[in-house]
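Going line by line, the protein sequences match chains A and B. Residues 23 to 409, numbered by the working numbering, are exactly what the first sequence covers, in order. Residues 23 to 409, numbered by the working numbering, are exactly what the second sequence covers, in order.
Please keep in mind that the hints were generated in silico from the structure rather than gathered at the bench. Accuracy of the hints is not assured; some may be wrong.
Here are some chain A residues the structure puts well away from chain B; computed CB gaps all over 12 Å [unchecked claim]:
| # | residue |
| --- | --- |
| 1 | G98 |
| 2 | V127 |
| 3 | R160 |
| 4 | G182 |
| 5 | R213 |
| 6 | L217 |
| 7 | E247 |
| 8 | P251 |
| 9 | R284 |
| 10 | A300 |
| 11 | D325 |
| 12 | G336 |
| 13 | A401 |
So the derived list for chain B, only partly shown, Cβ under 8 Å to chain A, looks like this [what the hints assert, rightly or not]:
| # | residue |
| --- | --- |
| 14 | L76 |
| 15 | Q82 |
| 16 | N85 |
| 17 | L89 |
| 18 | T101 |
| 19 | N106 |
| 20 | A107 |
| 21 | E117 |
| 22 | A121 |
| 23 | A265 |
| 24 | R274 |
| 25 | P277 |
| 26 | G395 |
| 27 | T400 |
From chain A, some residues computed to sit far from chain B (all C-beta separations above 12 Å) [stated by the list, open to error]:
| # | residue |
| --- | --- |
| 28 | R45 |
| 29 | V122 |
| 30 | G154 |
| 31 | E157 |
| 32 | P210 |
| 33 | S255 |
| 34 | Y258 |
| 35 | A268 |
| 36 | L269 |
| 37 | R385 |
| 38 | T400 |
All C-beta atoms in this analysis are idealised placements derived from N, C-alpha and C, irrespective of residue type, glycine included.
Number of protein chains: 2
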Amino acid sequence: MGHRAAIVGAGHTRFGALPQTPRELLRQAIDGAVASVDRGFDRRRIGAAYLATLGFGGWQIGNASALVAEEAGTPGVPTLRVENACASGGFALHEAVRAVESGNVELALVVGLEKMTDVSSARRRYWLGVSGETEWERQAGLTFAGVYGLIAARYLARYGVDRTALAEVAVKNHANGALNPNAHFQKPVSREAALGAPRVADPLGLYDCCPVSDGAAALLIAAPEAARPYTDSPVYVEGLGAASDALAVQERPEPTRFEATRAAGDRAFRSAGLERSAISFAELHDCFTIAELLALEDLGFADRGAAGPMTLGGATRRDGAFPVNPDGGLKAKGHPIGATGVAQAYEVFLQLRGAAGARQLPRAERALTHNVGGAGATAAVTIFSAG
Amino acid sequence: MGHRAAIVGAGHTRFGALPQTPRELLRQAIDGAVASVDRGFDRRRIGAAYLATLGFGGWQIGNASALVAEEAGTPGVPTLRVENACASGGFALHEAVRAVESGNVELALVVGLEKMTDVSSARRRYWLGVSGETEWERQAGLTFAGVYGLIAARYLARYGVDRTALAEVAVKNHANGALNPNAHFQKPVSREAALGAPRVADPLGLYDCCPVSDGAAALLIAAPEAARPYTDSPVYVEGLGAASDALAVQERPEPTRFEATRAAGDRAFRSAGLERSAISFAELHDCFTIAELLALEDLGFADRGAAGPMTLGGATRRDGAFPVNPDGGLKAKGHPIGATGVAQAYEVFLQLRGAAGARQLPRAERALTHNVGGAGATAAVTIFSAG
Numbered sequence: 023m024g025h026r027a028a029i030v031g032a033g034h035t036r037f038g039a040l041p042q043t044p045r046e047l048l049r050q051a052i053d054g055a056v057a058s059v060d061r062g063f064d065r066r067r068i069g070a071a072y073l074a075t076l077g078f079g080g081w082q083i084g085n086a087s088a089l090v091a092e093e094a095g096t097p098g099v100p101t102l103r104v105e106n107a108c109a110s111g112g113f114a115l116h117e118a119v120r121a122v123e124s125g126n127v128e129l130a131l132v133v134g135l136e137k138m139t140d141v142s143s144a145r146r147r148y149w150l151g152v153s154g155e156t157e158w159e160r161q162a163g164l165t166f167a168g169v170y171g172l173i174a175a176r177y178l179a180r181y182g183v184d185r186t187a188l189a190e191v192a193v194k195n196h197a198n199g200a201l202n203p204n205a206h207f208q209k210p211v212s213r214e215a216a217l218g219a220p221r222v223a224d225p226l227g228l229y230d231c232c233p234v235s236d237g238a239a240a241l242l243i244a245a246p247e248a249a250r251p252y253t254d255s256p257v258y259v260e261g262l263g264a265a266s267d268a269l270a271v272q273e274r275p276e277p278t279r280f281e282a283t284r285a286a287g288d289r290a291f292r293s294a295g296l297e298r299s300a301i302s303f304a305e306l307h308d309c310f311t312i313a314e315l316l317a318l319e320d321l322g323f324a325d326r327g328a329a330g331p332m333t334l335g336g337a338t339r340r341d342g343a344f345p346v347n348p349d350g351g352l353k354a355k356g357h358p359i360g361a362t363g364v365a366q367a368y369e370v371f372l373q374l375r376g377a378a379g380a381r382q383l384p385r386a387e388r389a390l391t392h393n394v395g396g397a398g399a400t401a402a403v404t405i406f407s408a409g
Numbered sequence: 023m024g025h026r027a028a029i030v031g032a033g034h035t036r037f038g039a040l041p042q043t044p045r046e047l048l049r050q051a052i053d054g055a056v057a058s059v060d061r062g063f064d065r066r067r068i069g070a071a072y073l074a075t076l077g078f079g080g081w082q083i084g085n086a087s088a089l090v091a092e093e094a095g096t097p098g099v100p101t102l103r104v105e106n107a108c109a110s111g112g113f114a115l116h117e118a119v120r121a122v123e124s125g126n127v128e129l130a131l132v133v134g135l136e137k138m139t140d141v142s143s144a145r146r147r148y149w150l151g152v153s154g155e156t157e158w159e160r161q162a163g164l165t166f167a168g169v170y171g172l173i174a175a176r177y178l179a180r181y182g183v184d185r186t187a188l189a190e191v192a193v194k195n196h197a198n199g200a201l202n203p204n205a206h207f208q209k210p211v212s213r214e215a216a217l218g219a220p221r222v223a224d225p226l227g228l229y230d231c232c233p234v235s236d237g238a239a240a241l242l243i244a245a246p247e248a249a250r251p252y253t254d255s256p257v258y259v260e261g262l263g264a265a266s267d268a269l270a271v272q273e274r275p276e277p278t279r280f281e282a283t284r285a286a287g288d289r290a291f292r293s294a295g296l297e298r299s300a301i302s303f304a305e306l307h308d309c310f311t312i313a314e315l316l317a318l319e320d321l322g323f324a325d326r327g328a329a330g331p332m333t334l335g336g337a338t339r340r341d342g343a344f345p346v347n348p349d350g351g352l353k354a355k356g357h358p359i360g361a362t363g364v365a366q367a368y369e370v371f372l373q374l375r376g377a378a379g380a381r382q383l384p385r386a387e388r389a390l391t392h393n394v395g396g397a398g399a400t401a402a403v404t405i406f407s408a409g
């Protein structure tokens, strides 16, 4: 099948507890994307802009997308905010691809942003909490760590895996984050430290949970045939797949499988016309370490129950057969909600162009990104190839 | 140019202060859209669903789009929430059109929803307020009525128009709403009552302001060539145009013109390949009466300063040369934020099929909808034709 779209530029702020305002983060990510375009960039060619954000720092909540046009220096450009909780960025990318596919947008801008650390912790809990299911789970006091803790406990019991598999995800992703100058955490973590850390929601400990981060990331998307004026090395979007699931985890037949991820993955592979074996590496949504194991299985990269042994065997390390989260993942790079799905594609953009520096993978021809909303109620999967 | 998409079904709840929950409103609007499809409907053909909402009743704020799949009876379908404040519905429609244009979605569902009356007034102010510009205007205590009041005062002074022109918009739209069984207000209002009502934000009085409403509306969108299996009378989408503007009104050169509306209108007409004169009637975003006058001018249906005399002369009445808001508009039909842009297209669907009952217009061949976010920072314009 033909390419569906091309990424011709990508930008990424530092992730972490940052001093910048939301506007400054937007601008910095967009400027980074613009600066990464090899040649011929003209802001006037941007025909649509998408903003992925959950709460915009609890500040400009309604109509915030208009600020993207201001900060991008593209007055008047149509802007739209999209929100699917933690999957907002992945879905925004899909809308941008469709905008160029529809033939009436030459260049689409996607920006993901979250500013979480300068709001009160009460408000932050509110913004995070509202993405959980409200009618039952929030009423019962279940936080995201709580939901994933229950899922993890069931997974470990069901498949006879122990916490070392979870710890191995943390150790690997922290090792990768240590090589990423944009990562929230840039320090390795030992297996002993991960296993010995205070419990947050049993069996999940401190190092099983991603941090609360600020940050932004941006992409410039063109139609495949329109990419060459901007660069000789575009990164192509080959396939899109998205899906939803019951919002309440309790309504799903089996909580250790995310049906939305499975369906989104199947659709993305069908849309790309590719097999699992064609993928060199993946960026998976590891908001908690257990989530990386679930994703490996739901996407068909590991059999049920086999993601733990696969991880313990080193296959998902940078030097393994199937590297996962070479940028550190949500776990170490950080998880500024709306930015995450966009930032995953940023990493793919670097890796597939051989521009990932110290963390460059030896083989990076095709990649997959996987972005999940809440505890699996929405999921977006995207498949990319090197130009 | 060819049609861009086809509406094959549309649904609309009552607007007003309603007892239903957000889930119930979603379901009722979707069921209405499904019931309106003439034949051959199969939920499994829905390939994407869009939810337009600002606050989902302040209840399920994050990841709410997954609930659309639940209430539509389409488990697993990709869902996405879009939010551009009061323009969310119009932008959601555009995304759905692009989804079918991209060729990989057969049928797209668009649902707009707001539930505003069962939250505390403080929380409602919060949800409305957050769509105003935060850095300056909200800090100064400026509400939406305040912003539009200032715009109205300037408009009246600049063009030598008096408040009777504003009152005429209210009288007309209330007269139309009286014929719409879904309208929030179904009672006529006299010119004297409109002019004599208490002032809200001078020169705007009570009847110059739209109400705070609950409600939902839904559309089913197909590719043009895929519409006939569902109906012999699809309503075609001929053109889309959208734009943004500075979020803060104070940063714009002239507050009595909404540059986003002007640009969105120009793009929509260019995209449709049609002249203004081809449009039989319009659904314009009359959140305040002054906004209908601005829209007539910004969209090129009246010269600058001429919308007042045009309105006073009766041209925009149901029996006038260019009917505006035959369903009662935001003013009388109500304005459940996320639902509004979708509900405008619902009215077009009825009118262009000759199914608008007591308020059916004698000439309804092509129509335009105009949906504005906040005080003009985002705008979506759509042009439709009868099948």
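Quick one: which hint numbers does this structure break? Sort them smallest to largest. Those not satisfied are hints 1, 2, 3, 9, 13, 24, 25, 28, 29, 30, 31, 35, 36 and 38.
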